[in-house]
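Residue numbers (the working numbering), protein chains in the order written: chain A, 1 to 141; chain B, 1001 to 1083; chain C, 2001 to 2878.
It is possible that part of the hints are untrue.
[Claimed, not checked] Here are the simulated PhoX-like pairs of lysine-lysine, each with C-alpha atoms no more than 25 Å apart in a straight line:
#, chain 1, residue 1, chain 2, residue 2
1, C, 2784, B, 1025
2, B, 1063, A, 84
3, C, 2784, C, 2770
4, C, 2545, B, 1025
5, B, 1044, B, 1063
6, C, 2309, C, 2008
7, C, 2499, A, 12
8, C, 2773, B, 1025
9, C, 2226, A, 84
10, B, 1044, C, 2779
11, C, 2745, C, 2832
12, A, 12, C, 2505
13, B, 1025, C, 2779
14, C, 2784, B, 1044
15, C, 2545, B, 1063
[Stated by the list, open to error] In silico negatives: residues of chain C with every beta carbon more than 10 Å from chain B:
#, residue
16, 2293
17, 2533
18, 2727
These aren't lab readings, by the way, just hints derived from the structure by calculation. Here the structure is a predicted model, which means the values were calculated and not measured. Note that CB positions come from ideal geometry on N, CA and C, so glycine has one too.
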Amino acid sequence: MKRSALHRWHEKAGATLAEENGWYVPLRYSNAEQEAGAVRGSVGICDLSHLHEPLSPYARFLIAGPNTRAVLSKLTSLNLDLTKAYGSVAHVRSLVTRHELGFLLMIPRDYAESVWESLLHAGEEFHITVFGLEASRRLEA
Amino acid sequence: MSFLLACPECGERSAYEFRFGGEVKSRPQQGDSEEAWFQYIYTKTNEAGEQEEWWFHRNGCRKWFQALRDTRTNTVIATWYPE
Amino acid sequence: MDIRFNGKAIPIQEGDTVASALYRAGQRIFTRSFKYHRPRGLLCCSGHCPNCLMNVDGIPNVRTCITPARAGMAVKHQNARPSLDFDYLAIAQQFDWMMPVGWYYKNFTNPRMWHLAEAQIRKVAGLGDPPPPDAPEAVYEHAHMQAGVAVIGAGPAGLNAAREAASQGERVVVVDDQPRTTPGDSSYTLLSRSYCFGLYEGNLLGVLQSEPHSGARERLVHIRAKRIVVATGAYEAPLTFKNNDLPGIMLSTAVWRLIHRHGIQPGTSAVIISNETGDSAIAAELRNVGIAVVATVPPSDVLEATGSKHVTGLRTRRGAFACDLVVMCGHRIPDAGLLSQAGAKLEWSAEAGAFVPTELPPNITAVGDVAHALVRAASTLVSMPNKRTFVCFCNDVTSQDICDSVAEGFDHIELLKRYTTTTMGPCQGRMCQLQAIGICARETGRAIQETGVTTSRPPNPGVTLGALGGARHHPIRRTPMHYQHEELGAVWMDMGDWKRPRYYKSAQTERESILREYHAVRQAVGVIDVSTLGKLSLKGRDSGKLLDKVYTNRFSDLKPGRVRYAVLCDEAGIILDDGTISRPLADARGYNTGDPGGTRSVAPSVSAGTIDDFFITTTTGNLDFVEQWLEWWLAGAGWDVQINNLTSALAAVNLAGPKAREVLSALTSCGLSNAEFPYMACRNAEVAGVPALLMRIGFVGETGWEIHYPAESGEHLWSALMDAGRPFGICPFGVEAQRLLRLEKRHVIVGVDTDALTSPYEAGMAWVVKHDKADFIGKFALGKLESAQAQQSLVGFTMNANQIPEDGAAILVNGALAGRVTSARYSPAVEKAIGLAWVTAGAAAEGAQIEIRVAGAPVRATVTQRVFYDPDGARLRM
Ligand code: FES
Ligand SMILES: [Zn+2]
Chain A
1 MKRSALHRWH EKAGATLAEE NGWYVPLRYS NAEQEAGAVR GSVGICDLSH LHEPLSPYAR
61 FLIAGPNTRA VLSKLTSLNL DLTKAYGSVA HVRSLVTRHE LGFLLMIPRD YAESVWESLL
121 HAGEEFHITV FGLEASRRLE A
Chain B
1001 MSFLLACPEC GERSAYEFRF GGEVKSRPQQ GDSEEAWFQY IYTKTNEAGE QEEWWFHRNG
1061 CRKWFQALRD TRTNTVIATW YPE
Chain C
2001 MDIRFNGKAI PIQEGDTVAS ALYRAGQRIF TRSFKYHRPR GLLCCSGHCP NCLMNVDGIP
2061 NVRTCITPAR AGMAVKHQNA RPSLDFDYLA IAQQFDWMMP VGWYYKNFTN PRMWHLAEAQ
2121 IRKVAGLGDP PPPDAPEAVY EHAHMQAGVA VIGAGPAGLN AAREAASQGE RVVVVDDQPR
2181 TTPGDSSYTL LSRSYCFGLY EGNLLGVLQS EPHSGARERL VHIRAKRIVV ATGAYEAPLT
2241 FKNNDLPGIM LSTAVWRLIH RHGIQPGTSA VIISNETGDS AIAAELRNVG IAVVATVPPS
2301 DVLEATGSKH VTGLRTRRGA FACDLVVMCG HRIPDAGLLS QAGAKLEWSA EAGAFVPTEL
2361 PPNITAVGDV AHALVRAAST LVSMPNKRTF VCFCNDVTSQ DICDSVAEGF DHIELLKRYT
2421 TTTMGPCQGR MCQLQAIGIC ARETGRAIQE TGVTTSRPPN PGVTLGALGG ARHHPIRRTP
2481 MHYQHEELGA VWMDMGDWKR PRYYKSAQTE RESILREYHA VRQAVGVIDV STLGKLSLKG
2541 RDSGKLLDKV YTNRFSDLKP GRVRYAVLCD EAGIILDDGT ISRPLADARG YNTGDPGGTR
2601 SVAPSVSAGT IDDFFITTTT GNLDFVEQWL EWWLAGAGWD VQINNLTSAL AAVNLAGPKA
2661 REVLSALTSC GLSNAEFPYM ACRNAEVAGV PALLMRIGFV GETGWEIHYP AESGEHLWSA
2721 LMDAGRPFGI CPFGVEAQRL LRLEKRHVIV GVDTDALTSP YEAGMAWVVK HDKADFIGKF
2781 ALGKLESAQA QQSLVGFTMN ANQIPEDGAA ILVNGALAGR VTSARYSPAV EKAIGLAWVT
2841 AGAAAEGAQI EIRVAGAPVR ATVTQRVFYD PDGARLRM
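Chain A with its partners taken away, still in its complex shape (with noise of 0.2 Å):
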């Protein structure tokens, strides 16, 4: 079974993982109900790597909430009217795509961990949230 980057940072936070195309994904960390609110009503990060293609040096994160702008923005200088773009977030090159819930973030694989507890930080004010698979279909939906 394939891992995330953030596969044992997932399994300390408590997540509920299960088996998706021969990956293993956190569906949820607490209830996802609450995780799809605590997103709504802010902001929070949910680890999408699963999603990627063969060979991909990144790990793919989604940031979403009315508050995304404002966290991103302590970690990056990019311009987030952005559609896609290359810059530096939390010290590391990225690629960060605008999505319909808020940006999708491709981080180099090894940074990830490093980059996720950033955003984190960062989010503190905010009151951020991981959130889960389910949440965020929840939130697509």
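With the hints as your guide, set chains B and C with the ligands onto chain A.
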């Protein structure tokens, strides 16, 4: 050192995002004079004024391009991909 | 609701700053001056002067007059011992004759004198103490904004400009140092309690925001604006007369703020110093709150203030007045520092009595008072020399000092600044610059315009180092097997951003643990995580051509299924990096790398598609450089080469040792015999069900394979190897064991054993330079170096006695310095300490005797050019 450079790919970004690659020079051929190679390898013009330079967009598209920059004011007059 | 001041509870009210609360509680002395330890009180109440600096919650030099008081704050005075009220260093005033202007330069020209004095001076000099190491860490952060228009200053002029720009559809940000009072206008973003400390190239503004939210002390905001409107207004600077620094002598703006913002009556009887005749506005203000206005006098009539710890009166040409408040209607100076940083000229306006900005650069405008200071109080600008007339409150520079400086020849304003240190303190010239210029002009007989202003440089006002540093998230790179290493007891080392296991704690001591790893590799099998190696895939018709051009040896003729050692040199023939280049065998399996940017679409190297594919490994630290170097030589060349950086996409391990083949064969169907998979060959194969590129190479000197495979299977393959290896005694090994193993093989590490002057010839690698190629990078210089007599060479050495030199230890020949050690370790194979060293040409011969300094004493060693372990490489080919 916070001037803006227009990367041909990504648009205007802070100079901090780039790596400076030195003056644009043309490389002698094997068999050219020792003097020509010496100048190429070891010397720089260090123009006080408009100078053609190499820049690499390290935090962005990771492409090399060339720029015409006034070294006295850090005004970047033009940027382009080398032919 | 209290704050604590030197341990004592001080009540606070709504809207209080730390200083206003202290003032209301009766505190009049807020600081002691820098040099003479004179008592100082509130002067500007606007955050412009040095007079109210205190330690707040462990942070030194906080301007208390603009810091909101919050219940529980711990406030301490600084720069006074034992107390503000009684400071024994005030005795310094009696010795002012010992501290003339420039006294450092005059008294400490003799270095021995300086050493004697330094310790004493350090004790009393400086302002405030840094927080102790165990202090709770304050949280700082950064943020970035882009604006169509940035307005600095939310006064009437600034807000007007903001609204106008917003109505034109611009994205507007307003920066203001005051707390937000009104709900404000939603057409622009307001950063309150923020000051702009610098205007940099490209219209970048540095803004420091206090307490952006409850979890952070300060936030440094980088604002990029298309257009900047400077609406910083004007500030008031003090007048100069004898004892003008006594507590109770305040600028009119300070008095206004104490009365209106804080409801404080700052005295009972006041003298106003103003050029305005008749009843001034400030006089009415004072009377309104019940302060008697004893007199209003013009500055030119003032002789001196009296009092010791607080003003008690003012002596003037019109008589002496008893008072407890002196209100200075000071010079109104446009706050044009940002404009001058932007490149505007400051021109003297006699009618305004101030320098006003002109020649504004494009996209910068000035509105309000900063553009044209109020014509007011163009008072007698300068005072006569006096040792108690303070020009610079920050550094205790008097009008006497300025005159002396000019008399001593430091009469250019920039020289005068550096010699006297006026304008160089926390106020950065706000309080003192105009006075200093005025005195300098008078003393030199030059006009004020001609005298000029000193340069304004950011940051102004100052910024805490914490804010510049920002949040504490240093990026960390972890390999896919990071947590497995942790479970195995890894002791970490940093390599750039990477974390690598230095060794695994498996025995009592570090040395035993490392030796255990070493012996496993030499006698059984070991595995090391080498995911940190740079990994580049090359695709395209001209890949071989590019490699032939940039590397010193030839690759276009590399046969599919083969690996070759590669050295990269610059045009001067200096070694930049080394690594391997493989040409994987064509394989039907194809993986798309799917570059997320969509700019490149490159087939993978793990399972290569075509004959044009090359796979490069670089050293851990040089990947970025090598990638850029290759791209640079491609730029504009028009060659068909695509470089894809797979470093993060691939995990890599090196499995090595006499049992490596047996372990690996349990996990793959790939033939591993010498015939099927010889030394320096590469194959695509599945290992434990994972597609991988295997290379048979031997950095550590044993039969072994470097295995590159997708990172998401990092843990899976590592576990599989550990499981398959268990019966053979497999041992994970770290960087330290690897370094010892390779040293026995005399393998060079670029950047450790080589430096910025090392060519392949000196490093003993002449064979990697293929001069028969028509051209390659470094060919010209390497041609010269080949025929030149090398000044020094990299050699091996064996210690004669049982001592291990440190890396970098000096080498002596006949007592003279003859080189240095680059790597040294105890070698279990040689049973002696061995190493690599740079030595002068004369000492490089086989068997030459050298001395190496170990723990201060020379120890004998023998030079060798031979490989210490398995010189013929038989074990690599087993
Ligand atoms: S009184 Fe606080 S800075 Fe002047
Ligand atoms: Zn770019």
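Right, here's what the structure says about each hint:
1. Note on residue 2784 of chain C and residue 1025 of chain B: the hinted pairing holds, with a Cα-Cα distance of about 22 Å set against a maximum of 25 Å.
2. Taking the CA atoms of residue 1063 of chain B and residue 84 of chain A, the gap is near 16 Å; set against the 25 Å cutoff, the hint holds.
3. Taking the CA atoms of residue 2784 of chain C and residue 2770 of chain C, the gap is near 14 Å; set against the 25 Å cutoff, the hint holds.
4. Taken as a hint, the residue 2545 of chain C and residue 1025 of chain B pair is honoured in the structure, with Cα atoms around 22 Å apart against an allowance of 25 Å.
5. Restraint check for residue 1044 of chain B and residue 1063 of chain B: satisfied, since their Cα atoms lie roughly 23 Å apart, inside the 25 Å limit.
6. With a CA separation close to 21 Å, the supplied pair residue 2309 of chain C and residue 2008 of chain C stays within the 25 Å bound.
7. With a C-alpha separation of about 20 Å, the suggested pairing of residue 2499 of chain C with residue 12 of chain A holds against the 25 Å cut-off.
8. For a cut-off of 25 Å, the pair hint linking residue 2773 of chain C to residue 1025 of chain B stands: about 23 Å separates their Cα positions.
9. Of the supplied pair hints, the one linking residue 2226 of chain C and residue 84 of chain A holds, its CA atoms being roughly 22 Å apart against a limit of 25 Å.
10. Taking the CA atoms of residue 1044 of chain B and residue 2779 of chain C, the gap is near 20 Å; set against the 25 Å cutoff, the hint holds.
11. Under the criterion of a C-alpha separation no larger than 25 Å, the hint pairing residue 2745 of chain C with residue 2832 of chain C is consistent with the structure, at around 15 Å.
12. For the proposed pair residue 12 of chain A and residue 2505 of chain C, the alpha carbon gap of about 23 Å is at most 25 Å, so the pair holds.
13. Distance check on the hinted pair: residue 1025 of chain B and residue 2779 of chain C sit about 17 Å apart at the alpha-carbon level, within 25 Å; holds.
14. For the hint linking residue 2784 of chain C to residue 1044 of chain B, the alpha-carbon distance of about 21 Å falls within 25 Å, and the restraint holds.
15. Only pairs whose Cα atoms come within 25 Å are accepted, and residue 2545 of chain C paired with residue 1063 of chain B is accepted, the gap being roughly 20 Å.
16. The Cβ of residue 2293 of chain C sits about 50 Å from the closest Cβ of chain B, beyond the 10 Å cut-off, so the non-interface label holds.
17. Residue 2533 of chain C, annotated as away from the interface, keeps every beta carbon of chain B farther than 10 Å; the closest lies near 19 Å.
18. For residue 2727 of chain C, the non-interface assignment is confirmed: its Cβ lies about 46 Å from the closest Cβ of chain B, beyond the 10 Å cut-off.
Violated hints for the displayed structure: none, as all numbered hints are satisfied.
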